[in-house]
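K.L.:
If you're matching them up, the sequences are chains A and B in order.
Using this note's numbering, the first residue of the first sequence is number 1, and each one after it goes up by one.
Using this note's numbering, the first residue of the second sequence is number 1, and each one after it goes up by one.
If you're looking for bench data, these hints aren't it; they were derived computationally from the structure.
Every value quoted in this text rests on a predicted model; they were computed, and no experiment measured them.
Even for Gly, the Cβ is constructed at its ideal location relative to N, Cα and C.
25 Å max Cα-Cα, derived DSS-like pairs, lysine-lysine:
(1) A:K141 - B:K406
(2) B:K326 - A:K326
(3) B:K141 - A:K406
(4) A:K406 - A:K463
(5) B:K141 - B:K326
(6) B:K463 - B:K406
(7) A:K413 - A:K456
Which chain A residues face chain B? A few, computed with CB under 10 Å, are given here:
(8) L174
(9) T199
(10) Q204
(11) F213
(12) Q220
(13) Y234
(14) S262
(15) L263
(16) S266
(17) V327
(18) R338
(19) W436
(20) L500
Protein chains: 2
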Amino acid sequence: MIPPGLTASVFSQALAELRRIVGDEWVFTGEDVELYRDAYSPLWGEPDERLASAAVAPERVEQVQRIVRVANAYRLPLYTISTGRNLAYGGSAPVYSGSVVLDLKRMNRILEVSEPNAYALVEPGVSYFDLYRYIRERGLKLWIDTPDPGWGSPVGNALDHGAGYTPLPFRDHLDAHCGMEVVLADGEIVRTGMGALPTARTWQQFRYGIGPFMDGIFSQSNFGIVTKMGFWLYPQPEAFRAGTVKAVKHDDIIPFVEILASLMYSGTVNCHLGISSPVFNGPADAAFDALIATLDGGSAAEWDRYAAAHGKHFWETELHFYGPAKVIEAQWSHVQERFAAIPGIAFADGVSYRFPLTDEQISRVGDRVSLGIPSLGIYAGLLPQRGEPPSTGHMDFSPVLPMTGKAILEAHKVFTRTLREGDIEPKYGIVQSFHWRSFILFYGFPVTHDVETNKKIRATYQKMIRVAADHGWGVYRTHAAFMDSAVSTYSYNDHALHRLHERLKDALDPNGILAAGRYGIWPRHLRQDKPRRGQP
Amino acid sequence: MIPPGLTASVFSQALAELRRIVGDEWVFTGEDVELYRDAYSPLWGEPDERLASAAVAPERVEQVQRIVRVANAYRLPLYTISTGRNLAYGGSAPVYSGSVVLDLKRMNRILEVSEPNAYALVEPGVSYFDLYRYIRERGLKLWIDTPDPGWGSPVGNALDHGAGYTPLPFRDHLDAHCGMEVVLADGEIVRTGMGALPTARTWQQFRYGIGPFMDGIFSQSNFGIVTKMGFWLYPQPEAFRAGTVKAVKHDDIIPFVEILASLMYSGTVNCHLGISSPVFNGPADAAFDALIATLDGGSAAEWDRYAAAHGKHFWETELHFYGPAKVIEAQWSHVQERFAAIPGIAFADGVSYRFPLTDEQISRVGDRVSLGIPSLGIYAGLLPQRGEPPSTGHMDFSPVLPMTGKAILEAHKVFTRTLREGDIEPKYGIVQSFHWRSFILFYGFPVTHDVETNKKIRATYQKMIRVAADHGWGVYRTHAAFMDSAVSTYSYNDHALHRLHERLKDALDPNGILAAGRYGIWPRHLRQDKPRRGQP
Numbered sequence: 001m002i003p004p005g006l007t008a009s010v011f012s013q014a015l016a017e018l019r020r021i022v023g024d025e026w027v028f029t030g031e032d033v034e035l036y037r038d039a040y041s042p043l044w045g046e047p048d049e050r051l052a053s054a055a056v057a058p059e060r061v062e063q064v065q066r067i068v069r070v071a072n073a074y075r076l077p078l079y080t081i082s083t084g085r086n087l088a089y090g091g092s093a094p095v096y097s098g099s100v101v102l103d104l105k106r107m108n109r110i111l112e113v114s115e116p117n118a119y120a121l122v123e124p125g126v127s128y129f130d131l132y133r134y135i136r137e138r139g140l141k142l143w144i145d146t147p148d149p150g151w152g153s154p155v156g157n158a159l160d161h162g163a164g165y166t167p168l169p170f171r172d173h174l175d176a177h178c179g180m181e182v183v184l185a186d187g188e189i190v191r192t193g194m195g196a197l198p199t200a201r202t203w204q205q206f207r208y209g210i211g212p213f214m215d216g217i218f219s220q221s222n223f224g225i226v227t228k229m230g231f232w233l234y235p236q237p238e239a240f241r242a243g244t245v246k247a248v249k250h251d252d253i254i255p256f257v258e259i260l261a262s263l264m265y266s267g268t269v270n271c272h273l274g275i276s277s278p279v280f281n282g283p284a285d286a287a288f289d290a291l292i293a294t295l296d297g298g299s300a301a302e303w304d305r306y307a308a309a310h311g312k313h314f315w316e317t318e319l320h321f322y323g324p325a326k327v328i329e330a331q332w333s334h335v336q337e338r339f340a341a342i343p344g345i346a347f348a349d350g351v352s353y354r355f356p357l358t359d360e361q362i363s364r365v366g367d368r369v370s371l372g373i374p375s376l377g378i379y380a381g382l383l384p385q386r387g388e389p390p391s392t393g394h395m396d397f398s399p400v401l402p403m404t405g406k407a408i409l410e411a412h413k414v415f416t417r418t419l420r421e422g423d424i425e426p427k428y429g430i431v432q433s434f435h436w437r438s439f440i441l442f443y444g445f446p447v448t449h450d451v452e453t454n455k456k457i458r459a460t461y462q463k464m465i466r467v468a469a470d471h472g473w474g475v476y477r478t479h480a481a482f483m484d485s486a487v488s489t490y491s492y493n494d495h496a497l498h499r500l501h502e503r504l505k506d507a508l509d510p511n512g513i514l515a516a517g518r519y520g521i522w523p524r525h526l527r528q529d530k531p532r533r534g535q536p
Numbered sequence: 001m002i003p004p005g006l007t008a009s010v011f012s013q014a015l016a017e018l019r020r021i022v023g024d025e026w027v028f029t030g031e032d033v034e035l036y037r038d039a040y041s042p043l044w045g046e047p048d049e050r051l052a053s054a055a056v057a058p059e060r061v062e063q064v065q066r067i068v069r070v071a072n073a074y075r076l077p078l079y080t081i082s083t084g085r086n087l088a089y090g091g092s093a094p095v096y097s098g099s100v101v102l103d104l105k106r107m108n109r110i111l112e113v114s115e116p117n118a119y120a121l122v123e124p125g126v127s128y129f130d131l132y133r134y135i136r137e138r139g140l141k142l143w144i145d146t147p148d149p150g151w152g153s154p155v156g157n158a159l160d161h162g163a164g165y166t167p168l169p170f171r172d173h174l175d176a177h178c179g180m181e182v183v184l185a186d187g188e189i190v191r192t193g194m195g196a197l198p199t200a201r202t203w204q205q206f207r208y209g210i211g212p213f214m215d216g217i218f219s220q221s222n223f224g225i226v227t228k229m230g231f232w233l234y235p236q237p238e239a240f241r242a243g244t245v246k247a248v249k250h251d252d253i254i255p256f257v258e259i260l261a262s263l264m265y266s267g268t269v270n271c272h273l274g275i276s277s278p279v280f281n282g283p284a285d286a287a288f289d290a291l292i293a294t295l296d297g298g299s300a301a302e303w304d305r306y307a308a309a310h311g312k313h314f315w316e317t318e319l320h321f322y323g324p325a326k327v328i329e330a331q332w333s334h335v336q337e338r339f340a341a342i343p344g345i346a347f348a349d350g351v352s353y354r355f356p357l358t359d360e361q362i363s364r365v366g367d368r369v370s371l372g373i374p375s376l377g378i379y380a381g382l383l384p385q386r387g388e389p390p391s392t393g394h395m396d397f398s399p400v401l402p403m404t405g406k407a408i409l410e411a412h413k414v415f416t417r418t419l420r421e422g423d424i425e426p427k428y429g430i431v432q433s434f435h436w437r438s439f440i441l442f443y444g445f446p447v448t449h450d451v452e453t454n455k456k457i458r459a460t461y462q463k464m465i466r467v468a469a470d471h472g473w474g475v476y477r478t479h480a481a482f483m484d485s486a487v488s489t490y491s492y493n494d495h496a497l498h499r500l501h502e503r504l505k506d507a508l509d510p511n512g513i514l515a516a517g518r519y520g521i522w523p524r525h526l527r528q529d530k531p532r533r534g535q536p
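With the sequences and hints as input, model every part of the structure.
P.N.:
The following block contains the structure:
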């Protein structure tokens with residue numbers, strides 16, 4: 001494959017220049033490029049599948065600077081990846097077919113970890129496993145926060161607005177970052193925040209620096225290449241304990257979430273949590289299917305009868321508490337007092353730990369990510385249960401919901417109906433709390449290597465985006481194939497925010513060499529080709 | 001005064017256009033413009049004092065849009081203020097003399113306050129007092145966070161990176177915001193985050209939306225006019241308690257801050273705090289002056305002898321705990337256990353409250369801002385103690401320090417020496433914790449209405465900025481008169497970050513009509529006039 005707009009000979013010259021910068025062995029062409037295919041692509045094997053033309057893997061920031069200068073000279077489209085593990089969101093494949101993947105996996109230095117000031121400064125090729133091992137080997141009393149799974153990059157994940165499982169602010173990875181180094185499209189290096197002060201002592205401790213706070217524009221975008229990034233780490237807590245809260249009835253979700261939200265907004269509950277329903281998320285039977293199939297998807301009274309007949313309670317959430325043992329006991333006790341306002345509410349104590357754990361103890365921990373321990377367990381556990389049709393991968397469909405029970409009930413009904421209409425097994429989504437003030441309702445969407453099946457799946461995914469937007473629930477992140485669609489729903493004032501993104505793109509990357517199409521931002525010369533706005 | 005570059009007749013035409021938009025009574029010229037002088041200007045009465053040429057006060061966002069279109073047509077420089085109370089940082093006067101102040105005080109609507117989801121959406125003219133009264137009158141179980149004093153604007157303060165006194169994230173006002181509406185220089189309205197979704201239900205609950213997170217660029221800058229802004233509010237806690245920790249010796253500051261930082265990074269301590277020294281911040285005597293005057297500003301042993309002779313302990317901090325009564329008791333107990341590692345450490349219980357408070361109880365609260373209650377008490381209390389020379393106002397000098405005792409000791413010595421060299425009374429700064437991971441060392445710098453005195457003060461302030469930067473301590477905010485100087489110290493890679501700001505300025509405000517010079521960002525046509533970089 002040759003990048004659009006380039007001839008074979010010009011492309012060949014450009015690659016030769018890249019080889020001079022990084023060495024022959026770090027420019028990949030031919031079948032090596034296969035490794036950059038997105039195994040979870042919903043466009044697998046179709047003409048629209050997003051494929052790389054080549055890849056280049058620099059080791060140092062100076063090489064990144066030289067590469068972007070070559071890209072400007074040749075109008076060579078680049079697509080930056082960190083560890084390239086962004087599965088479900090595009091993996092290591094570009095958004096714009098024919099791009100050369102700028103693979104930063106070799107830039108994998110852990111530049112600093114401060115134990116007293118609890119931060120890390122890392123390059124994009126560092127993985128969660130790398131950072132975890134570094135800390136554990138040295139016996140530092142620090143935790144990282146890791147998403148599922150742990151082979152990804154703290155830098156890449158934060159820039160994609162990814163999240164994990166320990167307390168806030170740590171699990172909101174962009175929110176827990178502090179300071180960036182960015183190579184702009186013209187090859188200039190910028191350091192943000194206090195990094196702009198040549199002698200700075202607080203680059204990883206104070207984010208704003210002076211003047212406009214810039215960091216956010218380099219996330220979910222293509223305005224620069226982040227080459228270093230700082231993260232706040234969590235000082236190892238003294239203890240952990242889990243406790244489950246169970247509500248009996250369908251409509252209990254209203255006070256359940258109101259109490260929970262109040263506890264979360266005030267910081268008494270500060271953990272990741274999932275709100276699941278033993279009824280909705282459990283196995284279906286004929287009575288279940290019959291209820292779902294009614295016009296309104298089942299009334300509260302009908303569902304309560306169903307739950308009672310099956311001996312199930314309706315809602316539950318497992319809460320995690322981290323901190324001094326006596327503090328978390330007091331928190332759990334307070335939480336139970338608050339929830340006691342709901343008739344029939346029940347509580348169950350869960351696991352508890354004192355830290356540090358030995359290797360042997362860790363080997364017996366089931367839910368490692370909640371302790372900031374990277375894992376690939378997700379691949380052995382949840383993901384194989386991908387339902388029908390049998391899938392080779394998945395995408396996340398993840399609309400943002402307000403923290404209200406009403407929204408959860410409404411979203412369950414609306415999305416279940418849409419999935420059924422699309423002939424996709426109407427699994428219920430799981431409400432999760434990754435961010436400060438909102439829920440994300442996650443649906444694992446199957447993808448396959450079968451063209452016809454994928455077409456059907458894509459049509460439903462597309463419809464889900466539209467239905468979500470119609471209800472005021474935007475998605476916070478999406479697979480490369482749906483970025484234009486998702487962004488097009490954020491259309492206030494004739495897509496004014498998107499047009500602002502385009503103005504920044506033109507100002508910062510006038511030749512449009514960086515990650516064309518990422519989160520719907522196309523360089524000027526490609527805008528006529530993109531799907532028209534408002535037509536997801 | 002006429003804006004530079006405009007003739008009297010063109011200016012007069014432009015004002016006539018503004019009158020057609022807002023009505024005659026809302027365009028201010030002549031002596032009315034005096035009200036926009038910065039009473040705390042260190043340039044008071046000098047040719048360089050920053051003065052407005054006129055002011056215009058729109059009531060609605062549509063009027064703001066029309067005003068910026070007129071400004072573009074006439075190349076009329078505008079300077080936006082919210083409530084105009086940014087005293088110590090420039091007040092309501094423009095950075096660029098001759099600008100027309102765009103005064104948003106009439107845009108003072110509280111658009112929404114959600115009790116269950118604990119947020120507010122407000123216009124720029126709303127003050128902390130307004131928002132507090134609104135909530136209190138309705139008996140909503142919500143707290144705001146307010147800085148000293150309470151007549152400022154939540155919008156303006158957050159955009160200036162201001163801070164308050166309740167737990168994080170609330171007291172970091174930019175960090176506690178969620179969602180903006182911005183009028184760009186061309187009159188387009190943009191809503192950020194979920195506000196870009198026309199039907200959004202989470203504009204004030206999820207910040208990122210999709211794509212690049214833009215909000216930060218509108219803070220400490222001049223890229224747009226923020227016309228609406230959301231803020232997370234703190235659900236009224238059950239209880240509050242204060243406790244003081246006292247360390248005896250000079251060098252105790254090292255473990256003292258190490259323990260404190262660990263507690264803060266992990267969230268067990270989450271309050272604003274000041275670290276003061278009864279020795280350094282107390283009254284001086286001859287022995288004190290003699291020690292200060294030594295080459296190294298006094299050794300630890302000498303200071304310990306001095307403190308012992310005066311019956312003083314060396315360091316103390318008052319901690320505040322907010323939350324369920326049993327949780328905060330456990331936190332205070334844990335804190336005491338941790339600090340017990342320092343020999344001689346002492347603890348004292350402080351005030352405690354249960355909420356809500358009655359009006360009568362509130363009238364007896366000394367430290368209102370710590371309970372999120374707006375106040376003007378700062379003017380009756382701290383500020384009159386402005387020292388020598390007698391001052392009519394003050395500026396804040398506020399470098400960012402890492403959370404280490406070493407940095408505090410070093411900064412005290414360095415800045416005391418610089419102040420003495422400038423013949424300004426060497427009051428010690430107070431270390432304060434407004435942000436997540438760093439301290440700010442505050443010095444109240446006197447300003448007067450006497451030209452010669454102000455010259456001396458300015459020279460020392462200028463020198464303090466340079467000395468701070470040389471030690472890696474950048475200032476996070478500064479008076480309008482020193483923005484160029486402060487920004488010029490953030491010079492990594494030949495001022496690459498600042499040049500990035502300028503590129504954004506050119507892209508978003510090509511005619512340079514918005515707040516020229518704010519935080520060192522000048523439009524292209526004025527860049528040749530500004531102080532050269534690197535020469536603060």
